[in-house]
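Asker: Each chain, letter by letter, is given below.
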Amino acid sequence: MALKIVKGSIDRMFDKNLQDLVRGIRNHKEDEAKYISTCIDEIKQELKQDNIAVKANAVCKLTYLQMLGYDVSWAAFNIVEVMSSSKFTYKRIGYLAASQCFHESTDVIMLTTNQIRKDLSSPNQYDTGVALTGLSCFVTPDLARDLANDIMTLMSHTKPYIRKKAVLIMYKVFLKYPESLRPAFPRLKEKLEDPDPGVQSAAVNVICELARRNPKNYLSLAPLFFKLMTSSTNNWVLIKIIKLFGALTPLEPRLGKKLIEPLTNLIHSTSAMSLLYECVNTVIAGQYWFSVGSKELCVQKLRILIEDSDQNLKYLGLLAMSKILKTHPKSVQSHKDLILQCLDDKDESIRLRALDLLYGMVSKKNLMEIVKKLMLHVDKAEGTTYRDELLTKIIDICSQSNYQYITNFEWYISILVELTRLEGTRHGHLIASQMLDVAIRVKAIRVFAVAQMATLLDNAHLLTGNMQRNGICEVLYAAAWICGEFSEHLENPMQTLEAMLRPKVATLPGHIQAVYVQNAAKLFATILKSQEGNTDSTAAQDTSQLMIDRLPLFVQSANLEVQERASCILQLVKYIQKLQQKDVEVAEEVNALFAGELNPVAPKAQKKVPVPEGLDLDAWINEPPSESESEDEQPKAIFAKEEPKHSRPRHTEVDEKELARRREARKQEQANNPFYIKASPSSQKVYQDAPGVEHIPVVQIDLSVPLKVPGLPMSDQYVKLEEERRQKERAEKKKKEKKKRKEKRSGRGKKHDSGPESEEDITPAHQVDIVTEEMPESNCASVRFYLSRPLADSEKLPVRSHRAAEAAKSPAEDGETENATSLEPKKKSSKEKREKKKDKDRDRKVMVKCWIHHWDCAFFVFIFFCLHFLTGNDAYHLLCSCKSDFKGRLNGRWETMSDTVYDIQGNLQDGSQVVVSVIFENKCDSFLKSMEFNVLDSLNSKLQRPEGSGPHDGLTVPFQLPPGVSNEARFVFTVQSIVMPQKLKGTLTFIVKNEDSSTHEKLDFKLHFTCTSYLITTPCYSDAFAKLLESGDLKGSSVRLEGVNMPFHHLLARICFHHHFSIVERIDSCASMYSRSIQGHHVCLLVKTSGQTVSIDAKCDEPTLLGNVLDEIKQTFSQC
Amino acid sequence: MFFSFMLLFSRQGKLRLQKWYVPLSDKEKKKITRELVQTVLARKPKMCSFLEWRDLKIVYKRYASLYFCCAIEDQDNELITLEIIHRYVELLDKYFGSVCELDIIFNFEKAYFILDEFLLGGEAQETSKKNVLKAIEQADLLQEVRHLIKITVDK
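Protein chains in written order, with the UniProt record's numbering: chain V, 1 to 1120; chain A, 1 to 155.
Chain A with its partners taken away, still in its complex shape:
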């Protein structure tokens, strides 16, 4: 399995989150992102969620205005990838409380923390939603109170 990377981008093609599990130079990353965002956005809504791209398979899914897009290897299971994407969306939803694009924009580091608790090195490390959220909560508690208050005020 082990994803190569995961990208979140908006319908307008703005990158909202990127996580690379393979070492690539910034230039290469930018190129791939640009290419993929264009390809995925060009697809019609009724089309299936898979496409073959270079030697990878791209699995993407749209949730509201956000596209979640993962790259897997040739032998990997596309359907389980969709399940993983969905699980991540559920986690975001639980954490932010009916998540929207703005939540991810303004708390992008939180979105990363959740992703890091869920996937490690491109592989799902925890299949239980409850455990992931518990770990995040615990870690958040360790953060200074001042910081927490600030976030709640800004929201």
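In isolation and in its complexed conformation, chain V is listed as follows:
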């Protein structure tokens, strides 16, 4: 018995197994670290023994400790030892430990290559399996390279158990050693048709994953996968295949048509939510390739998901909904009710998703309703994070795209004011900046806004219950500023002035106090003005006295800016008071201090202001500060942009005497200020002499419940009002319509009557003048140019399109088409003067310019056309002309400024790129610089901008133009589809610099990408041509031209020249022609003529392209 016990304990001592270790750790909760360190010591002892069983046991325990977070990298070699054991029991443990502990930088991995290779080829499938499993976790590029071949062989192993593991691990090998993909791929492809479903699904997994990274390579597998998709019943495999198709469809749009049926079937039939979700997601992602009907089905299914009680389905439904919203907002909008319901969900992540959706769903019609709902949630919300999220969302929703959806700004101001009642929000500054923005930009709202802000100021004590922590007091900044700046709208300015000078204001943050002080001065000026008309001058003097009484409080402020402004204004008021006592009228002059309308300035406006000559912005004004100087902590300048009006002009020269006087005055001032620390002992006394505002007891009111401030508007009433207003409008409209219908006596116009009111029907309550980003640009220049105003009829140019110019030109008589071109002016107008130029360029460029000077109403309108082409080997230039209307006034004279000539050139190497060369020619006497070229992108064509720049940024033209000089710049456009012609609008902005002035100018232009532009003159032999026509891939179309009065060879030359065709063959009055588009479409023409009628039969593999090219040909001939 005793022997047995002894033997047992010895056994235990040498063989504490994993279970003992776990138990031990659980029993040593207090001194776990100490216990484990003794265990590790034991393990180290065990690892020193020769017995593999003991070692394996030790390694097993180490694996557990590793999970608990202990470093076991020191035992890496022992792990390799255990892996190499011939017994499966130990090998399994060794590989497990390796897969948990090894990573790429573990150096002993190098030693394992041969061992792993041996295990992979072991006759025991479980040895092989364990090695594959382990390898999947710690495979390195070296291992992948050395073992790729072995694993590839295993893909054809007799046992499916090994095959599927080998297939799956191949993916990891591809990632680490990409060169292995090509040799292994055929075998991988074979596995798609493996008899074992497990192997098959593994192969699908791997290919699906590969295809997501680089779909192009796997397009050829589409038919095979399509077969698998229709035959497979395994949902997990189906999901993979659908995902794979999702990656392939963008490359092969035809797949979309083929897929839509099985996908809809699955959506209808499947009961597996994961599969349904995958199908829906794929249809949503493949928006361009699937029909609208299938999307409607998806929305319906998503609705079912969102309505489900399962939170997970609800969340995913909303997530997918937001993807649809981006492309089909209309179909989501009809589910607004459901999404609003989700705001009541218990789960915050679902609420946040719903909020995201709401942002995209608002329209003029439902904005008020949605915001009302959100406001209710703000009141209910628990936890400040979610409430703050709601607040920012409300502001985001309302302010999106320049307040596009707001019809009633009184309502919006009321919403903002209601939001100020939130306790402890971080977003006070956000509300404040909205208030400022709206008040400045929406002029019609100012009266209302000022009244609201005055109430806010009056009730400031309610907002600022706990001043220090409360971010909401930021709104007082906005309130004070609005009341001051637009003080002429104040009903009771005196009351507001008093509110702004309350002692409690001194507890506000410094930057807010500063605004208070400054705007108190503005208010003061307004009050003076209103009181000066009165016979009784005491009122005005009382106002001054109020200022003089209250301002000293601010003069003592610890904040420098408050102090500075207050002392400035205090002195000013004192001086005014003096004048008032002498009965001098001062109001006018005081008001002049703050005169001038404040205009909103676009963020980019500063860039447009030309830097005056001789000013170097990079040069230091003073000596640069030394490095060691510590940076002052600046308060965040969130409102910086509203301030520029007040910035004083810099005094550059002050004479010594004046300086001395000021220094003296400042010393005096300092002596009176308790906050300047001075050596003089008299400071204490001075302090006591200062007005004792500190002694006034200030009671802090800490409100735990947000109060409804009396007099503050309730946004709800606006919702009601708005509803009534709209109803009225609708009724009126109906009346009008009825009238109209009566007049017309026609019963057809019924559709307006019953249908729901559309977005356009809603007219804003105030016609507010919302300043867009563009407008202020003209504000900053001294002269205004009305460039964007549409031309009056009398100003319109006789020639509107570049076709006219091309028509004006006919190929030279000798039949040489491309190198010489003459101009034959055909247009007749007594007002026009034309010049033509014939120019032969050395480098095979022919440039023809024709400009028309058009005097009308003292406008010098300038127009030019240019043809410019080049026959190159790899690229072609096509003819394009550009018209530019420009009016500008400079030095009292109308004058043309510059010329630009455009030339579009397709890139043969890349079927989606077009290079536009622009020749800028300066025709005026001034220097042109800082040219910026910008084009409004369309969906199809985009200007390529350097990385990092926004989608609307212009491109800087990399040169400047002295008078009379021209230069060329190139811009690359990406074009998706070339089957339709396209016009892009653009602007060229530049600075015109004269000796004494420089101004900002703008030229609007249009770039015309015709379909012809995308054709390249390509020679074609008649046998190839015949083959092409026989292939049957081409679709035909034809056009007849009547009244063409020119020799047949001229006609052909004209088609060659203007439309980039080459003649394949010509027999008498019949010719075949050929051209090719940059994306490889073939265009074949058969031109026949009899008398004045020309018939063109055409064939092309893209009917739309062909139609457009024919239209363009027709146009060319209709103009001659």
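These are calculated hints, taken from the structure and not from any lab test. This one's a predicted model, so the numbers in the text were calculated from it and none came from an experiment. Where hints are given, some of them may not hold.
Within a straight-line C-alpha distance of at most 16 Å, the following computed EDC-like cross-link-like pairs (lysine to aspartate or glutamate) qualify [as the list claims (entries may be wrong)]:
no., chain 1, residue 1, chain 2, residue 2
1, A, Lys46, V, Asp308
2, A, Lys46, V, Glu348
3, A, Lys29, V, Asp71
4, A, Lys29, V, Glu104
5, A, Lys44, V, Asp308
6, V, Lys159, V, Glu104
7, A, Lys30, V, Asp71
Given chain V's structure and the hints, the job is docking chain A onto it.
Answerer: Using the frame of chain V, we list chain A on its own:
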């Protein structure tokens, strides 16, 4: 699909199992684990099982006192991930016979073996429960008898 990692942890935040399918340093692994355990445990029981975390999606599910937590990529299917987690729980249940947290603590290497038969490199390798269990049984048979007896005695 291909999971980035899978973690099992208790309600108290103790890690019970970890499987990493992407190579990361120990330090990084610890950091991620700590962060995720905190985030998941902080969520209320009624909340949905998904969260966006860094550039990954986290799918988690609680079974009794254990949280099963997987990381998948952005385009992956959350619902199938939940199904995979559930399948693994079923496998554990079959193998241990109504599994509990203690089974996994004391036989953590077995839990790993089952996981390795079910997932390989982060991808489900076998959709049939029966096949997985058969493979495990076969492999267990290869282990020395002594070892087997020891486990049964300790249990």
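Asker: Does each hint hold? Answer for all of them.
Answerer: Going down the list of hints, with the structure as the test:
no.	hint	result
1	A:Lys46 x V:Asp308	holds (14 Å)
2	A:Lys46 x V:Glu348	holds (10 Å)
3	A:Lys29 x V:Asp71	holds (12 Å)
4	A:Lys29 x V:Glu104	holds (14 Å)
5	A:Lys44 x V:Asp308	violated (19 Å)
6	V:Lys159 x V:Glu104	violated (30 Å)
7	A:Lys30 x V:Asp71	holds (11 Å)
In this structure, the hints that do not hold are numbers 5 and 6, in rising order.
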